[in-house]
Amino acid sequence: MFGWFAIACTFWVMLNQILCSIATIRYHSLPAHREHAHWWRTMVAPASEPSG
1 MFGWFAIACT FWVMLNQILC SIATIRYHSL PAHREHAHWW RTMVAPASEP
51 SG
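Here the sequence shown is numbered in this note's numbering, starting from 1 and rising by one per residue.
If you are wondering where the hints come from, they were derived from the structure by calculation, not from laboratory data.
The C-beta atom is built at its ideal place from N, Cα and C for all residues, glycine as well.
Heads up, a few of these hints could be off.
Label pairs and their calculated CB-CB ranges [to be verified]:
#1 7 / 44: 39 to 47 Å
#2 40 / 13: 21 to 29 Å
#3 36 / 5: 33 to 41 Å
#4 32 / 5: 37 to 45 Å
Assemble the whole structure, with the sequences as input and the hints as a guide.
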């Protein structure tokens with residue numbers, strides 16, 4: 001029972017990381033926020049974050 005719960009929780013945490021990465025990239029791609037965008041902090045790092 002606890003093994004299945006651990007697998008489910010891991011899945012939801014990883015899904016949350018992926019959605020937050022997509023939101024960060026999307027937010028800084030909008031024209032109003034491009035002036036604050038930095039290629040490493042707002043594009044590369046969030047894109048590579050879900051992989052570990």
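Task: Earlier hints that do not hold, by number - done: Per hint list: single violation, 1.
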